[in-house]
Amino acid sequence: KQEVTQIPAALSVPEGENLVLNCSFTDSAIYNLQWFRQDPGKGLTSLLLIQSSQREQTSGRLNASLDKSSGRSTLYIAASQPGDSATYLCAVGSSKAAGNKLTFGGGTRVLVKP
Amino acid sequence: DARVTQTPRDKVTEMGQEVTMRCQPILGHNTVFWYRQTMMQGLELLAYFRNRAPLDDSGMPKDRFSAEMPDATLATLKIQPSEPRDSAVYFCASAIQGAGDTQYFGPGTRLTVL
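Here the protein sequences come in this chain order: A and B.
Be aware that the first sequence starts at 268, since it is given in our numbering, and climbs by one per residue.
Be aware that the second sequence starts at 377, since it is given in our numbering, and climbs by one per residue.
So that you can see chain A by itself, here it is in the shape it has in the complex:
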């Protein structure tokens, strides 16, 4: 059974500092990996999706890497802003045949202080 872990559970940084969020998973036979953002009381917003054949994906200030062999993904957010304050969730997708069921980590709650 796939298990996804995100450490730390919470992170506080001053504005302008780069953010590094970690995600680890136990079963390397994944279909893809997706990073989400969740604001308090809101739904999830997809940030980046990395296919199992890819090593990284980039979108603006966000960069996500994937190392299947070690069971790790890292989300980098450059030059953090107060608006980046939210909970970031990592989710690992199972096989395509299984419908890409997502297994979520517990999330990292980020606070960017002005």
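There could be a bad hint or two in this list.
[Unchecked claim] Capping the alpha-carbon separation at 25 Å, the derived lysine-lysine pairs in DSS-like fashion look like this:
1. A:LYS309 / A:LYS268
2. A:LYS268 / B:LYS387
3. B:LYS387 / A:LYS309
4. B:LYS438 / B:LYS454
5. A:LYS335 / A:LYS368
6. A:LYS309 / A:LYS368
7. A:LYS368 / B:LYS454
8. A:LYS268 / B:LYS438
9. A:LYS268 / A:LYS380
10. B:LYS387 / B:LYS454
11. B:LYS438 / B:LYS387
12. A:LYS335 / A:LYS380
13. B:LYS438 / A:LYS368
None of these hints come from the bench; they were simulated from the model.
All values derive from a computational prediction rather than experimental measurement.
Dock chain B against the given chain A, drawing on the hints supplied.
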């Protein structure tokens, strides 16, 4: 701007009552997922459908939960009878299988069972 919509956004009910939650997936998406989020368990997959057919509902308590897709524009999740431990936020997500597989989440239904 295509979005997943969910109704109701908030529901307060008494133990033993029937609860029905509705989801309208993004037009053209052929896969629909139901998730539940609690503080203790995080995000868990309850059930999902492809082309309106149920593929996996192993995450649902079968005796009280049921999920259906009466048509391509509507998915429902029903709880009968509801219990206080069902209190959670229920999310619906949709995706196009094989076209990136990014899952797009609705805003959620916050259920409180007294």
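Okay, the hints, checked on the actual structure:
A hinted pair counts as satisfied when its Cα atoms are at most 25 Å apart, and LYS309 (chain A) with LYS268 (chain A) does not qualify at roughly 28 Å. Using a Cα cut-off of 25 Å, the hinted pair LYS268 (chain A) and LYS387 (chain B) is violated, with the two alpha carbons roughly 33 Å apart. As the CA atoms of LYS387 (chain B) and LYS309 (chain A) are separated by approximately 15 Å, the hinted pair is consistent with the 25 Å bound. For the suggested pair LYS438 (chain B) and LYS454 (chain B), the alpha carbons sit about 11 Å apart, so the restraint of at most 25 Å is met.
With a C-alpha separation of about 17 Å, the suggested pairing of LYS335 (chain A) with LYS368 (chain A) holds against the 25 Å cut-off. Under the criterion of a C-alpha separation no larger than 25 Å, the hint pairing LYS309 (chain A) with LYS368 (chain A) is consistent with the structure, at around 21 Å. Taking the CA atoms of LYS368 (chain A) and LYS454 (chain B), the gap is near 21 Å; set against the 25 Å cutoff, the hint holds. Of the pairs offered as hints, the one joining LYS268 (chain A) and LYS438 (chain B) holds, with about 21 Å between alpha carbons and a cut-off of 25 Å not exceeded.
Distance hint between LYS268 (chain A) and LYS380 (chain A) is unfulfilled; the C-alpha atoms sit about 38 Å from each other, more than 25 Å. Straight-line distance between C-alpha atoms of LYS387 (chain B) and LYS454 (chain B) comes to about 13 Å, which keeps the hinted pair within the 25 Å bound. For the proposed pair LYS438 (chain B) and LYS387 (chain B), the alpha carbon gap of about 21 Å is at most 25 Å, so the pair holds. Of the supplied pair hints, the one linking LYS335 (chain A) and LYS380 (chain A) is violated, its CA atoms being roughly 33 Å apart against a limit of 25 Å.
Between LYS438 (chain B) and LYS368 (chain A), the direct Cα distance comes to roughly 19 Å. Compliance with the 25 Å bound is thereby established for this hinted pair.
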